[in-house]
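Peer 1: Sequence:
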Amino acid sequence: MRNYLSRALILLMLCFATTTWSGCEEKPLPPTSEQSPELPEQPEEPENPTDTPEEQSGPKLMEFRLRAEENGDILSAQVRCEIGSDRSVSSVTPIKTLRPVYPGVTLKPVFKAEEGCKIYVGDQEQISGESAQDFTTPVIYKVVDSEGQENLYTVALQFHFTGLPIVAISTEGGVEITSKDDWVGATFSLMGSEEFESIEPMDIQIAGRGNSTWRYDKKPYKLKFASKTEVLGMPKHKRWVLLANFIDATMLRNDLTFYLGKKTSLPWTPRGYHVELVLNGKHLGNYYLCEQIKIDKNRVNITELAPEDTNITGGYLMEMDTYAADDDETLFNSKHKVTTEKGQSLIPIKIKDPEHEDLTAQQLDYIQGYFHAFEDALYGENWLDKEQGYKNYIDVTAFVDIYLISELIYHWEWRHPKSSYMHKDRDGLLVPGPLWDYDWKTYTQREGWYCKEYLWYPRLFQDPEFVALLKERWTALYPEFEGAIAYINTMKAKLAESAKKNSQIWGATTTGPNGESKMSYDQAVERILSCYTDRLHWLDSQIKAL
Numbered sequence: 043m044r045n046y047l048s049r050a051l052i053l054l055m056l057c058f059a060t061t062t063w064s065g066c067e068e069k070p071l072p073p074t075s076e077q078s079p080e081l082p083e084q085p086e087e088p089e090n091p092t093d094t095p096e097e098q099s100g101p102k103l104m105e106f107r108l109r110a111e112e113n114g115d116i117l118s119a120q121v122r123c124e125i126g127s128d129r130s131v132s133s134v135t136p137i138k139t140l141r142p143v144y145p146g147v148t149l150k151p152v153f154k155a156e157e158g159c160k161i162y163v164g165d166q167e168q169i170s171g172e173s174a175q176d177f178t179t180p181v182i183y184k185v186v187d188s189e190g191q192e193n194l195y196t197v198a199l200q201f202h203f204t205g206l207p208i209v210a211i212s213t214e215g216g217v218e219i220t221s222k223d224d225w226v227g228a229t230f231s232l233m234g235s236e237e238f239e240s241i242e243p244m245d246i247q248i249a250g251r252g253n254s255t256w257r258y259d260k261k262p263y264k265l266k267f268a269s270k271t272e273v274l275g276m277p278k279h280k281r282w283v284l285l286a287n288f289i290d291a292t293m294l295r296n297d298l299t300f301y302l303g304k305k306t307s308l309p310w311t312p313r314g315y316h317v318e319l320v321l322n323g324k325h326l327g328n329y330y331l332c333e334q335i336k337i338d339k340n341r342v343n344i345t346e347l348a349p350e351d352t353n354i355t356g357g358y359l360m361e362m363d364t365y366a367a368d369d370d371e372t373l374f375n376s377k378h379k380v381t382t383e384k385g386q387s388l389i390p391i392k393i394k395d396p397e398h399e400d401l402t403a404q405q406l407d408y409i410q411g412y413f414h415a416f417e418d419a420l421y422g423e424n425w426l427d428k429e430q431g432y433k434n435y436i437d438v439t440a441f442v443d444i445y446l447i448s449e450l451i452y453h454w455e456w457r458h459p460k461s462s463y464m465h466k467d468r469d470g471l472l473v474p475g476p477l478w479d480y481d482w483k484t485y486t487q488r489e490g491w492y493c494k495e496y497l498w499y500p501r502l503f504q505d506p507e508f509v510a511l512l513k514e515r516w517t518a519l520y521p522e523f524e525g526a527i528a529y530i531n532t533m534k535a536k537l538a539e540s541a542k543k544n545s546q547i548w549g550a551t552t553t554g555p556n557g558e559s560k561m562s563y564d565q566a567v568e569r570i571l572s573c574y575t576d577r578l579h580w581l582d583s584q585i586k587a588l
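Residue numbers for the sequence shown follow this note's numbering, beginning at 43 and rising by one.
Among the hints, a few may not be true.
Simulated DEER-style distance windows between Cβ atoms [to be verified]:
(1) GLN504 - SER387: 32 to 40 Å
(2) LEU140 - GLY554: 26 to 34 Å
(3) PRO521 - ARG281: 17 to 25 Å
(4) ARG468 - ARG281: 20 to 28 Å
(5) GLU568 - LEU140: 52 to 60 Å
(6) GLY190 - LYS280: 34 to 42 Å
(7) SER583 - THR381: 23 to 31 Å
(8) GLU522 - LYS379: 45 to 53 Å
(9) GLU383 - GLU429: 29 to 37 Å
(10) LYS324 - TRP256: 17 to 25 Å
(11) TRP491 - PRO555: 34 to 42 Å
(12) ASP165 - GLU399: 31 to 39 Å
(13) SER583 - LEU373: 38 to 46 Å
(14) TYR529 - GLU399: 18 to 26 Å
The calculated DSSO-like cross-link candidates involving lysine-lysine, where the alpha carbons are at most 30 Å apart (straight line), are [what the hints assert, rightly or not]:
(15) LYS184 - LYS278
(16) LYS324 - LYS270
(17) LYS494 - LYS513
(18) LYS324 - LYS379
(19) LYS384 - LYS280
(20) LYS324 - LYS264
(21) LYS222 - LYS494
(22) LYS513 - LYS543
(23) LYS560 - LYS460
To be clear, the hints were calculated from the coordinates, so they are not data collected in a lab. Every residue, glycine too, gets a C-beta built ideally from N, C-alpha and C.
When you get a sec, could you build the whole thing from the sequences and use the hints?
Peer 2: Shown next, in the form of structure tokens:
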């Protein structure tokens, strides 16, 4: 008994001591230098403490959803939207859609407000699951209770189709585009996705374009805006082009060549981006929206020559094109025959700007004379003379760079030549470019010289200074050209989803000269990647050995 009382007394004393020391609470020790305090997360205070989700005054929107049942042609699954304390309604992530969503495409939401409330958009009462709205721009929903109190909710939704911007064009009366010469009135809108600004519907004109490409089922188009407009972050202009890339299973050949051109000394190379095109409500698949070749401070930046100008040395925009003239663009021929795909022949040259109705006889005589003088100097006895030689007429570095790209990509049309441009500024030299039209046979060759024996290059390669400059430029550009390998892989992933949709519309295979008729998108891209890599390495060894 005595032992029991002693133990009880000891326990009582220990309890008293512990209580005195801790104040009846368990307090954590302060953190050591190796231990940081773990503080509980503090909830963010709302901007208006009296207007939290639980305490909002007035009638409330309780639920907002999009279901496949009401939107089966656009959605394959239900989308539940979040209603924020600021009365914003949004989806957690962009809403995956089965087809492009653009201005004019509507969806029917399912929603619920507090009992006894009605919901309006503008003056129109909305019925859950029945009332359709265009959500390509924010929509204001008004919730009104029986006493007339109201709250406004802003529904702002983002959509994802393939991840690419969506261009929607509707012609007046839904008429078809059947001509390259006759412009058709239309409206244009652009859903810019997360990367680019959208463009609300605006008036434009549209017509067909291209030579051989116009004959394919998937047509290319040219656009003319009423005023200069920035599109996909590209500088403002009225004129734009939609390339169809119908014979290119990779959809990359034009874009990849433009990528290479921008790494060189060429003054300007067209910019462009892949988009999904919807024409008169019909999805036409993947297109390449890019800048059209025009004289402009943000494009071919040369003087625009007027009929009344007295200094007629520039600017001229010309196209070397072995297609027979089928329009009113003025033609003259080169003076000396050169080796082309069809043998020794003269090169027909169109003057694109000044246009036919503005070009004077004196201007035509001047540019033709200048071109012929360049040829005479190149093939003359004093062709290497500093005062009389060919270098007084052309931008030699630009001629080197455009050759290197043409040789690297196996540019079949450069040997004809077709769709091959040149320009001359006021008091300036003759400059090749800008680059254009690379969907035919490019990126299909691994070894062997291809352009070296064509046009003026057999003569140019006889000039030791030209060869030295070519080797110098190759050394400088090789890292940039090698960087295109990573670019191909990046674009392959970016376009993969669009490629699937495009093949569903136009078929899983393509017809044409590129040898891809039985290849999938992945196989076609891997092929140009392999060909490009092999050719890059082959040219590196060959150019170093010159």
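Peer 1: Do the alpha carbons of LYS494 and LYS513 lie within 30 Å of each other, as the hint requires?
Peer 2: holds (14 Å)
Peer 1: Hint says 20 to 28 Å; check whether the CB-CB distance for ARG468 and ARG281 agrees.
Peer 2: Distance hint for ARG468, ARG281 holds at roughly 22 Å.
Peer 1: Mind checking the alpha carbons of LYS184 and LYS278 for me, to see if they're no more than 30 Å apart?
Peer 2: violated (38 Å)
Peer 1: Range first: 18 to 26 Å. Now tell me if the beta carbons of TYR529 and GLU399 are that far apart.
Peer 2: With a Cβ separation near 42 Å, TYR529 and GLU399 fall outside 18 to 26 Å, so the hint is violated.
Peer 1: Are the Cα positions of LYS324 and LYS379 separated by 30 Å at most?
Peer 2: violated (48 Å)
Peer 1: Does the beta carbon distance between TRP491 and PRO555 stay inside 34 to 42 Å, or does it fall outside?
Peer 2: This hint is violated: roughly 20 Å between Cβ atoms.
Peer 1: Should the hint that GLY190 and LYS280 are 34 to 42 Å apart at their CB atoms be regarded as holding?
Peer 2: Once the Cβ atoms are compared, 51 Å apart, the range 34 to 42 Å for LYS280 and GLY190 is violated.
Peer 1: If you draw a straight line from the CA of LYS324 to the CA of LYS264, is it 30 Å or shorter?
Peer 2: Distance of about 18 Å is within 30 Å: holds.
Peer 1: How does the Cβ-Cβ distance of LYS324 and TRP256 compare with 17 to 25 Å: does it lie in that range?
Peer 2: Cβ of LYS324 to Cβ of TRP256: about 19 Å, so the range 17 to 25 Å holds.
Peer 1: Take a quick look at whether LYS222 and LYS494 sit within 30 Å of each other, Cα to Cα.
Peer 2: violated (35 Å)
Peer 1: Per the hint of 32 to 40 Å, is the separation of the Cβ atoms of GLN504 and SER387 within bounds?
Peer 2: violated (21 Å)
Peer 1: Please test the hint of 26 to 34 Å on the beta carbon pair from LEU140 and GLY554.
Peer 2: About 29 Å separates the Cβ atoms of LEU140 and GLY554, which means 26 to 34 Å holds.
Violation of the numbered hints given earlier is confined to hints 1, 3, 5, 6, 8, 11, 12, 14, 15, 18, 19, 21 and 22; the remaining hints are satisfied by the structure.
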